[in-house]
Amino acid sequence: MSESIHKKLSAAGVLVTLGIIFGDIGTSPLYVLKAIVGERAITEQLVFGGLSLVFWTLTLQTTFKYIWLTLQADNHGEGGIFSLYTLVRRYKKWLYFPAFVGAGALLADGIITPPISVSSAIEGLKLVIPNIPVIPIVVIIITGIFAFQRFGTKIVGGLFGPIMLVWFLMLATLGFSQITIFPSVLKALSPHYAIDFLVHYPKGFWLLGAVFLATTGAEALYSDLGHCGRKNVRVSWTFVKITLLLNYFGQGAWLITSGKIFLGGLNPFYEIMPHWFLLSGIIIATAATIIASQALISGSFTLISEAVSLNFWPRVTIKFPTEVRGQLYVPSINWLLWAGCIGVVLYFKESSNMEAVYGFNITIAMLMTTTLMGYYLRYVKKIPALVVAGIICIFLSVEFSFFIANIIKLKEAWMFLLIVFGIITTMYTWYRARKILNKLVEFLPLSEHLPALVDLSNDKSISKYATHLIYLTSADNPKHIEGRNIYSIFSRNPKRADIYWLIHVDRTNEPYTMEYTVDEMINDKVIRVDFKIGFRVQPRVNVLFRKVVEEMVTNKELDITSRYESLSKYNLAADFRFVILERFLSVENEFSVRDGFILKCYFFLKNFGQSDSKAFGLDTSDVTIEKIPLVISPVADIRLKRRELKKEHHENS
Amino acid sequence: MKTADFSKEIYERYFGRSSGIVMVTLRDKTELAGKFTGFFRGENEFDEPYIVMWRFVDEKEFVEIDFLPYPNQEVGCIIKQKNILAVRFK
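Top to bottom, those sequences are chains A and B.
Per the working numbering, the first sequence starts with residue 1, numbered consecutively.
Per the working numbering, the second sequence starts with residue 654, numbered consecutively.
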């Protein structure tokens, strides 16, 4: 399906959006009402209050904050916390922090969403086969989802939209049938019931933690914006919200009319299904939860890929299972998430236990998005400070209330907090270390070294190292070059080449930029290529460089025929060799304790990531790797004194 | 020339001409004579000076080799831009 179909408002676009965006929020009816009622006595105050809170949460938090407001903060059509960060990072130095925390919380959420969704669906099978072993089935399904990631979703992705359409129609039909039995349940649309619940229901405030589960998918909705386009998301949300509300209110109507005093472990979601439809309903629910899990896993891959591009995360292997833009597979994250999900299933066993920990991370992510949104509205949209303060205060107070209500989950959710902390620490270490390292890159004026470069190239007394010798440079100014590159060319085994290439890759704030310029600094001797690559594009330098060379050959700007006499007559192509300079932490440095510790952690983490040559896609090219010590302070003044040899000493010997 | 935030000007004047000997006065009144052989860039994004640090080789340390064998950091000293009070070109 073409990109334009996804992004423009169309029936096909809306259908695709249902499959990609609304899986998470769309499967919430499986557990929200069950979590709100829990083991409490079923009363009108509880049911009406709970429903009213769900309705107003979906309206204020999902519709107003995410669908109306946050979706405006797209970065060339892309959403998500890192896209938002790239839009505002120039305005305050510390904005990386909310971006790290939000991303960490979202990644940790990827560990609990698949287990709770799939478990909720499969537990319905107990109504048909009471002794069915739920945990092994959930483990098999989750393992299947993760094992399937390496193939991408191109083939089955087309089914996601239609399956979710069936799911939402099922939600609406089941809910509507119950509402017709007890239409008075619609009174709960009034905010009066929500306020009454919060004020008068015993410990009502703390039930916000359960109510919040209705909107947990809102953050994921923003992250996946780029796949669908704002208009499609907004139109399909109208449909999705109606079906969700019909189902929630249908469950509420059943709770009131069932005559039960306690739920007793029943799930109102399945109780409103006719018995003859139960198996079909469970199959549809399972399919919907698989799609919801898929969306969350894909979102995690995108998040890590962006983090790598923004230098927030160690370089990890990122694969492209299909040619669909934005579809990624990150093996390390895939199997880490799988291990986390299986751990959650085995530890908590039932979805009701998982509900007790679900939501805490998302409140954190939402608070961080709101913080970044404040800067976006003020500095990018130029909205008056007072108006921004008003909007942000409303959302911060709502989200902070949810956060406080979710704090009681910490007792059980501490391990997720540890995961969030681990992710944030990794991001901070990587980010800070890169800043320290960037500051230690010593540059030299290139113009001073060009004559020597030409002389070296023409010096036949030195054997040729390569016909085309390619260095990567971090110098954004073409007049500069790193001292280490100059040292590598001249001093460490002088490298004679016919043409020296300097390649600079600049990551842009726009997600999908793919541009380059060529500057032939000395004709047929020194050529600099500057790439501008968007933060969502993998910088596969070998592929990009080959494209540049091809275009230059086509334009007759470059002759890549071998310059060796014996080979040139056969019209063979010349050799290209990359030199990658890798830094290591030398013992001879005088970093502060803090910087030294961060750098040690950085080099430790680097062991788990990709090498520079792999990260730039050069592992299949001819690459020389040179290790360079990272020291900043000169060796202390050595008081070494030369003594003249005594004449008699010579004579004696 | 005052150098409170004139690192780019120093860079352009120094490397724009023959990169000869300069007299550097530090804020602690130390006077140095020698060459700038390298520099460390600041981050534009965070409004740092164009050059935040300089590699400076005292004229007493010259060994008649224009660019010294790596590691470059084994010669000269690092001067932070903020510690420079004045630079005089000879």
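It is worth saying that the hints were derived from the structure and are not from the lab.
Among the hints, a few may not be true.
To be verified - Examples of chain A residues toward chain B, derived with CB under 7 Å:
#1 GLY265
#2 LEU279
#3 GLU442
#4 PHE443
#5 PRO445
In this text the structure is predicted, and so the values were computed from the model without any measurement.
Each residue gets a CB set at the ideal place from its N, CA and C atoms; glycine is no exception.
Return the status of the interface hint for PHE443(A): holds when the least beta-carbon distance to chain B is below 7 Å, violated otherwise.
At 6 Å from the nearest chain B Cβ, PHE443(A) passes the 7 Å test, so the hint holds.
Would the hint on GLU442(A) be counted as holding, given a Cβ-Cβ threshold of 7 Å to chain B?
At about 4 Å, which falls below the 7 Å cut-off, the nearest Cβ of chain B leaves the hint on GLU442(A) intact, so it holds.
When the nearest CB of chain B is found for LEU279(A), is that gap smaller than 7 Å?
violated (58 Å)
Hint check: 7 Å Cβ-Cβ cutoff, PRO445(A) to chain B:
holds (4 Å)
Agreement of hint GLY265(A) with chain B interface, Cβ distance less than 7 Å
violated (56 Å)
Checked against the numbered hints listed earlier, the structure breaks hints 1 and 2; every other hint is satisfied.
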